[in-house]
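There are 2 protein chains.
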Amino acid sequence: MSLIVMKFGGSSVGDPERMKRVAKRISERKQEGHQCVVVVSAMGDTTDDLIDLTKQICTTTPPAREMDMLLSTGEQVSVALLSMAIHSLGCSAVSFTGWQAGMYTEDVHGKARITDIQPERILKALDNDKIVIVAGFQGMTGEGEITTLGRGGSDTTAVALAAAIKADVCEIFTDVDGVYSTDPRIVRVARKLNEISYDEMLELANLGAAVLHPRAVEYAKNYNVPLVVRSSFNHNEGTKVKEEAVMEQGLAVRGIAYDKNVARISILGVEEKVGQLAKVFTALAKEQIDVDIIVQSGVMNGAADFSFTVSLSDKDKALQVIEGIRSTVGFREVTSQENLVKVSIVGAGMVSTPGVAAKMFEVISELGLSINMVSTSEIKTSCVIDGSRLIEVIQALHTAYGLDTDSQVFVGGPSERR
Amino acid sequence: MSLIVMKFGGSSVGDPERMKRVAKRISERKQEGHQCVVVVSAMGDTTDDLIDLTKQICTTTPPAREMDMLLSTGEQVSVALLSMAIHSLGCSAVSFTGWQAGMYTEDVHGKARITDIQPERILKALDNDKIVIVAGFQGMTGEGEITTLGRGGSDTTAVALAAAIKADVCEIFTDVDGVYSTDPRIVRVARKLNEISYDEMLELANLGAAVLHPRAVEYAKNYNVPLVVRSSFNHNEGTKVKEEAVMEQGLAVRGIAYDKNVARISILGVEEKVGQLAKVFTALAKEQIDVDIIVQSGVMNGAADFSFTVSLSDKDKALQVIEGIRSTVGFREVTSQENLVKVSIVGAGMVSTPGVAAKMFEVISELGLSINMVSTSEIKTSCVIDGSRLIEVIQALHTAYGLDTDSQVFVGGPSERR
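Protein chains in written order, with full-length UniProt numbering: chain A, 1 to 418; chain B, 1 to 418.
Keep in mind the hints are simulated off the structure, nothing from the lab.
Mixed in with the good hints there might be a few duds.
Covered stretches of chain B, going by a simulated chain A footprint (3 or more residues, C-beta under 8 Å) [as the list claims (entries may be wrong)]:
#1 12 to 21
#2 24 to 34
#3 56 to 68
Below, computed lysine-lysine pairings styled on BS3-like, alpha-carbon distance capped at 30 Å [stated by the list, open to error]:
#4 B/K240 - B/K317
#5 A/K130 - B/K55
#6 B/K279 - B/K24
#7 B/K111 - A/K124
#8 A/K273 - A/K166
#9 A/K55 - A/K24
#10 A/K273 - A/K221
#11 A/K55 - B/K130
#12 A/K55 - B/K24
#13 B/K260 - A/K111
#14 A/K111 - B/K124
#15 B/K55 - B/K24
#16 B/K286 - B/K242
#17 B/K111 - B/K273
#18 B/K55 - A/K24
#19 A/K111 - A/K273
#20 A/K130 - B/K359
Facing chain B, from chain A, some residues (calculated, C-beta under 10 Å) [what the hints assert, rightly or not]:
#21 G14
#22 P16
#23 K20
#24 I57
#25 T61
#26 P63
#27 G74
#28 L81
#29 L82
#30 I322
#31 R326
Predicted, not measured: the structure shown is a model, and the values here were computed from it.
Beta carbons are placed, not taken as given, at the ideal position from N, Cα and C, and that holds for glycine.
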């Protein structure tokens, strides 16, 4: 008998038929003799529908606190219905909201972090032989305010819960068969990975692979929670995410990720004084703008150029911030560039295999593209390049690193949101 | 400055436009200098839509606990949206679920009674100059289980809250202008009452007038909460419900109610022994069947006949129960009758005005109808009659008791559900 946490995203429970299929799957697991805790997101379009309602009602930006009150109902509907569906199959289930499940978060709305889990009610229900259904994506502050965890929140709920109740495994059910060597919508011969390490998964998730949220992976790594990413539409084995993952056939690269949500900002002719860079990035951080790759070019005549990337949606705000500190920093010019893409190769084997990055640069050059920026870590190399030929680049890299398979991938419905 | 509780039903907030209108009304009240606590029901069809979903998912009756988890989301959506709408108008508001508002109930699902209110969060928010929006119809048990209060629950939430925070008045906003002398859909010259006493309102509500739920009226009477029933679509004065109400022009009858949800069951030839009746009604009570009027006819040859009314939906179950105790009670025959209606006249003046009931019997006889059963209290008389000529009967009684007015009544949208 194992203690299993199963997480189903919004598209897996998107309509009554899918809800019933998920209920069947859970009750089969229970009948195999396992204890099951299930985390579920809001049904399909629920969240969008609720947001639409606010747009019809509000002329100003709604308070984040009230937005959390509103959006958290989506998961509450899901858990109640899923519990009913399981009852209909003759199993006993009980649903909990975030606050009922003892999910405590910091006092921030829209993207709260979990601070503590008090799973007594869950454990008691498991002792009473019940399947426990927990609303993902939500929690409560110490003062009884309802919070939501933001994007990828249900993944995080599942992993954090698995850690808190010491589950044997946390299964993340989604609309694809597992984690792929790259986006199967772009590369039809993408390879489903049998295993991947937390670190590799973390890089892939951070670099744009939507299948798991980085925060959830981080949580899994920190608490050593074994994860399995698998399809809610079939019984294929999925991908195991764990501390040490076996590399197949000596491949150095596990996967290729890309991120189109990239803009480059260059500040040219910055006066060479101590602390100039710090001023820029402190000002950006104050406005909650995340900076990714930073590159400084050589100093000439007492002035330096440097470039960095931000997400596309932050670009205009970042330019404003920089203009605002022009007089205190002192620089000649600011430029920005869109239509870029960040392509990354990830693999724990890169450290011990010389020439992996070199091959990446070579493949990109052979396509006649120049590389704008480069960033590396022990297990990844990222290049920022012109975005217009993304598909060609990904396909060429996929082939060059020996990742192509013979079989074509079935790509399911819309990807999960929460 | 007054402390006001305002309650808006589901049709008053049925769509974004109505929601905005309600928000405007509330913020006007606030700007007049009052402290406002608002209780609101689920938007329009939300509850029905949720129930539809359960029908698509469940093949068995869903557990009542999960039904409460599900349905309570309807009010949570309403309070969040209404709070946002008020924010859009530049006022500060905060929404609370039942559990956040400190609404404690007994541990029963679908029709829990309020056991305690701990309004600290509400009072603190009022101190901070906020408009407080509370989800009607819901509460929490001491163990943190979400409960719903059943039909009329939002009325009860509003009145109970008004009592707990010692509000100066509890305004119940609905789709009609107030409490009428009878159903204005039947009698176009029905009279809007300026005042009515708790006791009269309680009788009318119990006897089928849907404008206020009996439980809410009872609560108001017990805690002496001044109520006003008024329209959410205009600023007309509405009806005051209070301890002592002035009777207009010496009328003895305040209002006429009817209830079509009536079935008669007769048990014939019951052996005359002590405790026979108790056996029957104990057995019915055990199955949660409410019995209304009970009539026993004379004893002949050591056997008695008696009749009672139950609600239509309980009829078949009641017949089963009686068959089940046939051997222990001993009787000759059971019969039942549908297509009946209970018509009632209500008025505190009946006690001091002779002949009021006699006039009722006379009016009904003059229409050529026989009276099947009669029941009386100090302030009401009810007759069970054939249901086919209900409208005629009500109109004739309304005229006979001098209740007709010259002005015709505008009848609004669908009546409130919660």
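Earlier hints that do not hold, by number: 2, 4, 6, 8, 9, 10, 13, 15, 16, 17, 19, 20, 21, 30, 31
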